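Chemist: Heads up: the sequence lines are chains B and A, in that order.
Numbered as in our numbering, the first sequence ends at 338 without a single skipped number.
Numbered as in our numbering, the second sequence ends at 684 without a single skipped number.
It should be emphasised that the hints constitute simulated quantities derived from the structure, not laboratory data.
Since the model is a prediction, treat every value here as computed from it, not as a measurement.
Using N, Cα and C, we set each Cβ at its ideal position, and we do this for glycine too.
There may be inaccurate statements among the hints.
[What the hints assert, rightly or not] A few chain A residues that don't get close to chain B, going by computed Cβ distances all over 10 Å:
id	residue
1	Asp131
2	Arg297
3	Pro409
4	Ala455
5	Pro464
6	Thr496
[To be verified] What follows is a list of derived Cβ distance ranges for each label pair:
id	chain 1	residue 1	chain 2	residue 2	range
7	B	Arg244	A	Pro658	51 to 57 Å
8	B	Asn268	A	Pro579	37 to 43 Å
9	B	Asn268	A	Gln619	40 to 46 Å
10	B	Asn268	A	Asn482	50 to 56 Å
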Amino acid sequence: MKVLVVDDEGIVLESCRKVLGAAGLDVIPVKSADEALLIIDKERPDLLLIDLKMPGHDGLYLMKELKNRHIKTPAIVMSGYSTEETILEANAMAVRFLPKPFTPDELVDTVRQALKGDPMKQIKTMAIKEVNPCPSPC
Amino acid sequence: MFHSTRFKLIFSFLCVSFLAGGISLFIGARLLYDAVLMEATNQTRLALNAAEDVYQTHVRFIGLALNITTLGIGFRTSFIERNIPDLVDRLDRMAKNADLDFSGIALSDGRTLCRTGGNAAVDSRTDNPIVRYAMNKGASIAGTITVSRTFLETEAPERAGHIKFYSSQTSCPDAADAEPEESCMAIAAAIPIFEYRTTGRLLGVLYGGRVLNQSTEIVDSARKSAFFDEIQSETTMPAATIFFDTVRIATNMIDQKGNRAVGTRVSGEVKQQVIVRGKEWTQRREDLGDKYISAFMPISDVFGKRVGMLSVATLESNYGAVQRKLIFLFIVATGFGVLSAVGMGYFLARPIMAPVHRLIKASREVSEGNVSPDTGPLSKDREMALLQKTFKDMVESVKRTRMASQNQILQSEKQASVGRLAAGVAHEINNPLTGVLTYTHMLLRRTDINDDIRSDLQVIIESTERVRKIVKGLLDFSRQTKLDPEPTEINRLMDATIKLVENQALLKGVGIHFEAGDNLPMIVLDQNQIQSVFLNMILNALDAAKPSGEITISSRPALSANDIGHPGIEVAIADTGSGMPPEYLSQIFDPFFSTKDVGKGTGLGLSVSLGIVKEHGGTIRVQSEPGKGAAFFIWLPVERQVEQDESAGRGR
């Protein structure tokens with residue numbers, strides 16, 4: 201299984217490569233959305249792991265672009281900016297949302313579930329609950 | 033300065049005083065003119081009375097002279113003895129002393145015994161009216177008579193050669209001749225001589241007279257007696273005139289050539305009034321090219337027939353000088369009054385204007401940003417005090433709304449800046465934290481480490497988890513407020529926003545014009561947030577606008593420039609301020625960028641506004657040129673409702 205990881209942060213890319221590699225997955229790390237678009241046809245990954253906020257073209261742009269090109273590879277969106285709006289935005293296009301920072305187990309679980317094609321609505325809801333502990337203003 | 037209130041006040045004072053002064057001048061001049069004329073008329077009448085006195089005195093004097101002669105020692109003897117030389121001698125002396133033109137003695141049968149002059153002994157039967165009267169009445173008489181040319185040529189040929197005769201229908205009415213003879217006017221007296229002093233048979237009549245035609249004595253002494261005041265010169269003194277019928281026979285009126293105006297006539301109207309009706313008559317009339325105030329009285333001859341007139345005429349221009357002098361004084365007094373009114377107005381306007389100036393200064397201070405201006409002590413003038421109080425109240429309410437709107441903006445700016453900070457922090461910290469967590473967990477998976485290291489790694493993981501929670505908490509706490517969208521009429525929202533800044537604009541003297549577009553669709557937006565965007569833009573424009581500048585706001589339907597064809601509404605906010613250089617335009621939406629002085633703006637207003645508009649799916653663009661003001665265009669999409677509802681529904 202091939203996972204294309206898109207993030208401008210080297211440490212994140214390296215972390216993903218290590219963890220997913222250890223889990224027995226092929227990891228293709230790229231540093232920008234443009235780079236991802238360049239190689240996606242050649243590499244044909246089974247899953248995309250995309251950082252939302254990147255300089256230049258961001259994760260949303262990448263997903264829109266993929267949709268335009270009719271590439272239906274499932275995508276997980278990860279972000280260090282896990283507000284409700286961000287999650288909603290991501291959910292519109294991605295199968296999973298992964299808030300940063302994550303532990304190796306969290307990463308591997310999310311990726312496995314995405315690869316299985318599990319809808320896993322539960323987790324999404326949980327993610328929202330997690331980032332918004334008190335719905336009314338505190 | 034012509035538009036200053038003080039000028040207007042003084043100008044009003046001036047108008048009022050000019051009006052009052054002008055009216056009083058007009059009325060006063062009118063009254064003065066009438067008074068002067070009345071005075072002149074009265075004076076002229078008085079002068080006429082004096083002239084009459086002079087005339088009568090001369091008449092009486094002739095009577096007296098004749099009487100004295102008849103009473104003289106030896107006169108009767110000479111008369112009875114017909115001692116002609118002695119009688120002629122006596123007559124000559126009398127004529128000389130009394131300045132008589134003719135004198136003589138007539139006998140009871142009508143013959144002339146003797147007379148003065150060349151024809152001393154010529155007996156003639158020419159009609160001698162004064163003798164006729166004395167004979168018929170048998171009494172002394174002195175008065176005015178008209179005598180024919182024939183009579184005078186006999187009596188005083190020399191004198192007759194020097195004077196002019198005039199024919200008059202009123203003269204010699206009793207004369208037998210049907211044709212009116214040329215005649216002249218004279219004052220004369222006749223004393224009857226009786227057989228025994230005063231009784232007995234009438235033996236004869238002593239007569240004598242003075243021709244009035246071309247005589248100067250009476251009129252000149254009449255003029256002298258008519259005094260008048262010292263402002264009159266010799267030439268402008270009143271003129272006395274004796275008329276025979278309507279002809280001037282003796283006068284000191286001067287014609288255009290500078291001679292006595294003997295022989296000139298007055299109008300038939302005068303004759304009608306004076307001679308025919310016998311009235312004393314005063315009239316302002318033009319005569320010999322000058323305007324005169326003339327008074328006339330009739331002169332009757334000894335038979336009671338009105339044969340002539342006595343008149344005194346005063347040049348109106350004499351009084352004109354007096355009048356001009358008075359009017360000049362009047363004008364000077366009025367002018368002085370007006371000037372003092374202006375002066376008083378100036379000084380009165382000062383205390384009135386002082387609080388106004390103070391208010392002007394205060395409002396200028398307010399427009400410059402000082403919302404606690406000094407309006408000075410409360411005026412004692414109730415209206416002014418009310419104005420001051422209203423101004424203070426207005427400034428207070430401006431202060432409140434300004435603080436409220438500033439608070440609102442500050443609040444959203446603060447929220448946004450903390451949110452921005454938190455987002456940055458979260459983004460920046462969460463990435464390395466991912467690395468820390470990953471590597472620590474990977475280390476923990478290794479089997480070749482001892483328990484000490486394992487427990488140390490556990491501490492790292494726990495601490496990192498704590499950091500993760502802190503960051504998450506920070507993010508949650510400062511997360512940007514959720515949108516609270518509802519369908520909104522953009523024009524109403526703008527109206528409400530303009531109301532908030534109206535007072536501020538008023539104080540700064542900046543006009544706000546809102547050209548509300550017609551038939552705009554409802555738009556779904558967060559009213560509070562979009563209002564704070566509008567408010568921010570208008571306040572920016574207000575800060576940029578100069579006093580008496582303008583802010584033009586308009587709304588219109590517009591398609592999106594980015595998302596081509598998407599319908600929306602564009603709101604434009606344009607000011608007439610100083611504008612911005614092009615290099616600023618790319619930076620103005622950056623956080624903490626501000627062209628305002630330190631402390632006056634946070635530099636977050638526009639970036640927050642942009643954030644809010646972006647959240648609504650809209651755009652903001654700006655056009656500006658230095659010196660030409662700036663225009664901000666806020667585009668907001670319609671049909672946002674559906675998307676919003678969907679995403680909101682999915683979120684919950």
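Chemist: If you check each hint against the structure, which ones fail?
Modeler: Of the numbered hints given earlier, those the structure breaks are 4, 5, 6, 8 and 9, listed in rising order.
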